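A.B. asks: Read off the chains here:
Protein chains: 2
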Amino acid sequence: MAVYTDVTFEDLEGLLRGYDIGTPLSFKGIAEGVENSNFYLQTDRGAFILTLYEKRVKVDDLPFFLGLMEHLAARGIACPQPVRDQAGKNWSMVKGRAGAILSFLNGISLRRPENHHCQAAGEALARLHAAGDGFALSRPNALGPAGWRELADATNPRAEAVQGGLGMLIADALAELEKDWPRDLPTGIIHADLFPDNVLFMGDRLSGVIDFYFACNDMLAYDLAVTLSSWCFESDGAYNVTKARSMIAGYRSVRTITDAEIAAMPLLMRGASLRFLLTRLYDWLNPDPNALVRPKDPREYAKKLRFNLQVKSAGEYGF
Amino acid sequence: MAVYTDVTFEDLEGLLRGYDIGTPLSFKGIAEGVENSNFYLQTDRGAFILTLYEKRVKVDDLPFFLGLMEHLAARGIACPQPVRDQAGKNWSMVKGRAGAILSFLNGISLRRPENHHCQAAGEALARLHAAGDGFALSRPNALGPAGWRELADATNPRAEAVQGGLGMLIADALAELEKDWPRDLPTGIIHADLFPDNVLFMGDRLSGVIDFYFACNDMLAYDLAVTLSSWCFESDGAYNVTKARSMIAGYRSVRTITDAEIAAMPLLMRGASLRFLLTRLYDWLNPDPNALVRPKDPREYAKKLRFNLQVKSAGEYGF
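Each protein sequence line maps, in turn, to chains A and B.
The C-terminal position of the first sequence is numbered 445 in our numbering, with every residue numbered one higher than the one before it.
The C-terminal position of the second sequence is numbered 445 in our numbering, with every residue numbered one higher than the one before it.
One should not assume that every hint holds.
Same chains, same label: a pair holds when it works inside one copy or across any pair of copies.
With a straight-line Cα cutoff of 27 Å, these simulated DSS-like cross-link-like pairs (lysine-lysine) come out [stated by the list, open to error]: (1) LYS181 / LYS422; (2) LYS215 / LYS422; (3) LYS184 / LYS221; (4) LYS422 / LYS154; (5) LYS154 / LYS438; (6) LYS221 / LYS154; (7) LYS184 / LYS154; (8) LYS215 / LYS181; (9) LYS221 / LYS305; (10) LYS438 / LYS221; (11) LYS181 / LYS154; (12) LYS429 / LYS154; (13) LYS305 / LYS438.
FYI, nobody ran anything at the bench for these hints, they're computed from the structure.
Remember, predicted model here, so these are calculated numbers, not experimental data.
Could you build the full structure based on these sequences and the hints that come with them?
C.D. replies: The structure is reproduced here in structure tokens:
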């Protein structure tokens with residue numbers, strides 16, 4: 127198996143001695159998640175995911191991520207819930223890595239979501255924003271403007287080799303965003319990565335939200351921009367304003383979007399596309415030979431950024 | 127996802143229209159199997175594996191492999207069972223590849239099997255041999271001496287770079303085996319790859335045998351040699367004759383091992399270790415950049431081959 131970290135059944139047995147979740151019936155590495163090793167575990171008491179945190183997820187951040195999932199689940203959000211061991215801890219060490227056992231959510235992520243799925247995702251995002259309120263811990267967004275600057279510097283020398291004009295596109299957009307990035311919009315806990323991969327459906331019903339490992343404190347409207355960016359562009363690069371209107375309507379059914387948030391949307395959309403352009407470009411230029419998942423093409427987000435740079439007002443996004 | 131072939135939920139929905147196995151609840155690429163893309167599929171009617179056949183499994187061989195699993199399952203062997211579609215076919219095309227939906231078996235493969243697991247595996251192997259009797263189709267072993275010669279020729283120029291003396295070790299062993307390889311032993315359907323990975327246990331009970339994609343017609347005792355080779359060496363390279371005796375006793379509880387088979391065992395063990403040495407060496411020298419599974423170290427089987435070359439009689443193996 128080429129999950130990053132190999133976990134044998136014997137390792138699993140050792141781990142499960144500390145938990146009260148039954149006898150294992152099945153245990154398989156799954157090809158999911160870029161950042162971590164994930165295993166599907168079925169016991170006679172239920173289905174679980176064992177996640178081992180590799181590379182980018184810092185152990186110091188685990189109390190935030192795992193605590194957040196507990197906080198959200200307690201407020202009715204369908205998200206993975208960390209299982210506590212017999213000592214009450216929600217993570218343990220497995221093969222020298224921090225690992226957590228989480229409840230498994232049924233459902234399937236869609237590659238080609240339709241209008242009503244976008245509506246459901248918008249509504250779920252606003253529910254997350256509301257439910258995050260009152261969470262005791264906080265975590266700054268490591269992938270805000272300062273993080274973009276670091277990634278831009280690290281990728282700049284080789285950006286042109288990926289696509290002509292890419293270095294300049296990034297430099298110009300970043301300079302503008304560093305100057306004009308909004309500062310006074312409503313903030314809270316954001317998911318920060320609510321791509322279609324991270325939303326599960328059973329039939330047409332949204333059954334869960336997963337992968338909270340980019341969650342942080344930041345502007346709520348930026349989270350909506352990230353979600354619009356990942357659900358409402360067609361594969362040919364066209365912005366589908368009908369899907370966007372559905373998503374915005376879903377969001378608004380739970381939380382009011384302020385005028386200041388709407389006015390900032392063109393900038394937030396540029397920021398969202400620059401953020402994913404930069405991380406994808408970095409991963410593209412620095413591929414991990416052990417990764418289970420191929421790097422995603424950064425040019426998809428270069429195209430979205432170019433589109434966003436020509437948008438004059440939030441109305442063009444469906445607001 | 128970096129399963130070889132990416133299957134979206136929408137592809138899955140299209141495929142499932144041809145089957146009568148319920149509504150999907152969960153669908154995940156799993157990091158299992160070197161040769162194929164495998165997906166875990168749960169529906170409201172049960173758990174299944176979707177396998178897409180890549181590279182080495184030829185479509186022409188599917189009637190043999192899938193028919194064999196049906197034949198064995200009908201004779202009480204716990205193995206994956208192909209699900210037939212509404213037209214009665216046991217495979218279909220998915221994304222340009224042949225694919226089959228198979229029943230999912232609970233159970234976990236062991237990395238460090240103990241004596242009683244070896245006993246159970248030996249017994250299961252002999253049951254397979256008995257149950258294969260009467261299967262209408264046949265398939266020659268592509269990885270017998272003629273196949274070894276091809277692999278030896280293909281790997282010879284770079285074998286020394288992997289380990290000093292490896293080219294000569296292979297050449298000498300192959301020359302002997304081509305000359306003396308047994309021809310008159312009892313034959314039948316063999317699994318040909320019954321490694322611990324391919325045997326599932328629930329607790330101490332053997333719950334199933336999987337991965338029939340090397341199955342073929344060949345000498346039954348060769349299959350026992352392959353199984354002894356993969357279960358009864360310790361990780362330091364030592365042959366564990368206690369485990370071997372357990373495996374042999376398990377096998378004998380179902381099928382008599384003939385004197386001629388016992389006498390041939392030193393040669394068969396050399397052949398078994400050369401076969402896995404050669405395929406691993408080939409994969410090591412020709413890694414597939416898209417593979418989910420890292421190539422296995424050929425030197426493990428070079429060590430086993432060197433051990434086997436010094437064995438004088440079957441008694442040393444526990445017979």
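A.B. asks: For every hint, state whether the structure bears it out.
C.D. replies: How the hints compare with the structure:
no.: 1; hint: LYS181 / LYS422; verdict: both (18 Å within a copy, 24 Å between copies)
no.: 2; hint: LYS215 / LYS422; verdict: neither (35 Å within a copy, 36 Å between copies)
no.: 3; hint: LYS184 / LYS221; verdict: within (16 Å within a copy, 38 Å between copies)
no.: 4; hint: LYS422 / LYS154; verdict: both (24 Å within a copy, 19 Å between copies)
no.: 5; hint: LYS154 / LYS438; verdict: neither (49 Å within a copy, 41 Å between copies)
no.: 6; hint: LYS221 / LYS154; verdict: both (16 Å within a copy, 24 Å between copies)
no.: 7; hint: LYS184 / LYS154; verdict: both (24 Å within a copy, 26 Å between copies)
no.: 8; hint: LYS215 / LYS181; verdict: within (22 Å within a copy, 45 Å between copies)
no.: 9; hint: LYS221 / LYS305; verdict: neither (45 Å within a copy, 47 Å between copies)
no.: 10; hint: LYS438 / LYS221; verdict: neither (52 Å within a copy, 41 Å between copies)
no.: 11; hint: LYS181 / LYS154; verdict: both (21 Å within a copy, 23 Å between copies)
no.: 12; hint: LYS429 / LYS154; verdict: neither (37 Å within a copy, 29 Å between copies)
no.: 13; hint: LYS305 / LYS438; verdict: within (18 Å within a copy, 81 Å between copies)
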